[in-house]
Amino acid sequence: MINLAIKDINHSLSKFLATAISVGILLGIVIIMIGVYRGMVFDAKVLVNDIKADIWVVQQNTLGPFAQTSKVHEDLKNQIGYQEGVKHAEAITFQTFQMENKYGDFKVMLIGYDPFGKIQVINKDKLVEGRTLRKQHFEIVVSQKTNYKLGEYIKLGRDKFKVVGITTDTVSNSGDFLMFTSIQDASVLQFTYTNERIRSDEQRGIKGGNPHLVNAIIAQIKDGYNPKDIARNIEHTTHKKVFTKDEQKMLLLQKVIKKSSKQIGMFTVILIIVSIVIIALIIYTMTLEKIKEISILKLIGIPNFTISKMIIQETMILGILAFGSGNIFAYLIMGGFPKRIVLLSSDAFSLFAIILISSVFASLFGIYKVIKTDPAEAIGG
Amino acid sequence: MENNKMKNNLSMKIENLVKSFGEGDSKVSVIDGANFTLNKGEFVGLVAPSGAGKTTLLMMLGCVLEPTAGKITIGNEVVYDNKWLVKDDRELRRKKIGFIFQAHYLIPFLNIEENITLLPYENGESKEIVSKRVKEIMDYLDMTDKLKNMPSELSGGQNQRIAIARALANNPDIILADEPTAALDKQRAVSVVKMLKNITREKNVTIIMVTHDDRLLPYCDKVLSIKDKKIDIKENKNETI
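So the protein lines, in turn, are chains A and B. At position 268 of the first sequence the residue is numbered 254 (this note's numbering), and the sequence of numbers has no breaks. At position 203 of the second sequence the residue is numbered 235 (this note's numbering), and the sequence of numbers has no breaks.
Isolated chain B, as found in the complex:
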């Protein structure tokens, strides 16, 4: 019973994950035997010096980059076990993973509503369901009045919030955020991080956020750090929010 509960609460499990580039003498190992488990609704920070493999790890977790070895489980589905077990990695991303980037990277020729609804429509969801969800997300982000605007008409901070809305629009299990506050000042960065943390609680979604800013780490439930190709995981006991 307890085991089932744990299983239902599982968001992502990483076992013996290895990534190296090249072969023979030119072989470069980036991640060597990563093991960690993330639960639903957790806000996770990922820190490491530049070039330590943050983006590589993020790409593997997002099923964009194939690991060299190991096992990745998302929810209850084993997606990689020394080889990809999913037929369509893009379908997996479309249905289970949301992405937030350093810059907002909204599609410039789509308005805000279209940027947000693109993925749910691609997933075959009905207009009624999508409209209801978009309204809910936009109300939550206090951006409802911007639905018909183009990305070029909004500020950087507003666009970053829209990028968060896009990441939430397909009801993902996990959101991978690659330095989402890099382009923002401290005040806005804290505001975005608080928002992300609230989202993990209210939407029961796991967010892994890459950051260079140590000041944002107290907001995280867990902090993953890459040291000497190994992943160190620390639970944050201080409940900042």
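Next comes chain A alone, as it looks inside the complex:
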């Protein structure tokens, strides 16, 4: 048997490939959009995963420290540390600000932690150069994407910090680059104002910021204890809000990135629909271009099934080629995006199935035209 679809495609191969690549670019954008969403979800959890804490103690009636501002006294760590089942408890601060260096401007999240504490805050697997903090003051670990080099000095506030370590793949839940200093330095940066501000505050009767405030207390739980039980117990005894690691991750997904992910989801769905409509229009136009041949085929006795099979096969081949070129396009451009793009093969296969099934439906327009074509059109010139 002769495969009409393959023959037709071969006859106008360059045109067909150009069409498939054009649709592929559109699908590539769909793939990137899905990757952006996955990247957001990944980023939302990466920091909580990196910090090896089992529970997060934050200000009462807040969803801190990421979904809402939270301030607790640093010495709360002692009270938490004495709770039954708690192995270690340490203070941690988070501060976001805009920075600029010779490589450009960017947003960073500065994390203050106890360099001599027992809870790992910097994921050592992600440390690509140097070391973690070993001094109480003026050392900093930075994300690779900030472009700072090991040994370089960074001026933050009134002080200069020496870069002692460089991490990769470390971002905040918003995708901002991370920097790590000691909690003392971070507190000074967060609560030390300019002289003008101090004078202005004093005239208003406002005292300076309290450097003994932190954003959260993180704690590790002893083996054999359930983090949920410990969290509920601490809530009961300290009048603070306590989240387990899983609850904190859920909070980030449900509260922090929910709207953004919905927005991206909407865009993705619209782009998929647009892609399907474009495929349908292309197939319909390709069918119209062959209408004379189709009427001849019908006239000489070729059944609708054979002609429709040609249309469906061409649509599916177009879909497959477009999907392939879309993937290549997505992988080529993903590195240029400022935030993380996560391309999962499961997403790719789902999209492939959607495109393939939709392509078959899209070919119905062409098939309808085939069925409606009068074979008599071939007679009489």
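In short, the hints are calculated from the structure, not lab data. Just to be clear, a hint being listed does not mean it is correct.
[Stated by the list, open to error] List of simulated lysine-lysine pairs, DSS-like, C-alpha gap at most 27 Å:
(1) K164(B) - K(-7)(A)
(2) K355(A) - K119(B)
(3) K1(A) - K355(A)
(4) K295(A) - K159(B)
(5) K358(A) - K119(B)
(6) K295(A) - K119(B)
(7) K72(B) - K235(B)
(8) K115(B) - K358(A)
(9) K159(B) - K(-7)(A)
(10) K59(B) - K358(A)
(11) K127(B) - K278(A)
(12) K119(B) - K278(A)
(13) K(-7)(A) - K127(B)
(14) K(-7)(A) - K167(B)
(15) K127(B) - K355(A)
(16) K231(A) - K244(A)
(17) K358(A) - K127(B)
(18) K180(B) - K(-7)(A)
(19) K1(A) - K180(B)
(20) K93(A) - K110(A)
(21) K295(A) - K180(B)
(22) K127(B) - K295(A)
(23) K278(A) - K180(B)
Following the hints, position chain B against chain A.
Chain B alone, transformed into the frame defined by chain A:
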């Protein structure tokens, strides 16, 4: 015995065939009570002024257009008797009728061999049988070396011969040729008509050829002409070939 012989030699029988378009006051009658019989191996010309209903008649004979009334018999099978009696008109065309058009109308994305073998393969014929038949036809048309060419690589005359090969490829009982020489000069037109006549003799197939060119009519065994919605049939006594 004589009756059976006649029946076996029958290619097409048309009885009281009527075709009109529209209804009531806007009703236009095109063919009104056509009756004729064609035998196997006959080369038949169909002539009429423009708009007299040649194409309409051809489409009805090819089971493409439904008549208003009448009876059509192809071979020994009654295919229409005031209604279609065949389940699948396209299967009937695929197996019993060949078409040749004004232009060659070959499928541009298929090579010559694929254009010719498309119908036999669709009919489920084996590769061996199809290959043998195609070789035979192409040898006959002296086009064997063009099998792998695309239609765009051949001249108009060569393509028209390929169109004839395509019409023959499914071993039809009847070939309907709609002005097959319209796009050719006189010399080539005569050459094609001679070829068609030879085919009717050698392949025992009936060819009905629509033509405007009176110079080609002497080659026909019978000439059907449409006058005032009626079909007039004349036997040609002069054996031109």
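Q. Straight-line Cα separation of K115(B) and K358(A) no greater than 27 Å?
A. holds (21 Å)
Q | Hinted pair K119(B) and K278(A), Cα distance within 27 Å | A | With a Cα-Cα distance of about 25 Å, the restraint between K119(B) and K278(A) holds, given a limit of 27 Å.
Q. Does K159(B) lie within 27 Å of K295(A) when you go C-alpha to C-alpha?
A. holds (21 Å)
Q: Please work out if K(-7)(A) and K167(B) have their alpha carbons no farther apart than 27 Å.
A: holds (22 Å)
Q.
Can you confirm whether the C-alpha distance between K127(B) and K278(A) stays at or below 27 Å?
A. holds (22 Å)
Q) Are the Cα positions of K1(A) and K355(A) separated by 27 Å at most? A) It holds: about 22 Å lies between the C-alpha atoms, which stays within 27 Å.
Q: With a cut-off of 27 Å on the C-alpha distance, tell me whether K(-7)(A) and K127(B) pass.
A: The hint holds at about 24 Å.
Q.
Given the hinted pair K127(B) and K355(A), is their Cα-Cα distance within 27 Å?
A. Status holds; Cα separation ~25 Å.
Q) Is K164(B) within 27 Å of K(-7)(A), Cα to Cα? A) Within the cut-off at roughly 23 Å; holds.
**Q.** 27 Å limit on alpha-carbon distance, applied to hinted pair K180(B) and K(-7)(A)
**A.** holds (13 Å)
**Q.** Pairwise hint evaluation, K127(B) against K358(A), where the allowed Cα distance is 27 Å at most
**A.** With a Cα-Cα distance of about 23 Å, the restraint between K358(A) and K127(B) holds, given a limit of 27 Å.
Q: For the pair we were handed, K72(B) and K235(B), check the Cα-Cα distance against 27 Å.
A: Given pair K72(B), K235(B) holds - Cα atoms ~9 Å apart, limit 27 Å.
The earlier numbered hints are all upheld by this structure, with none contradicted.
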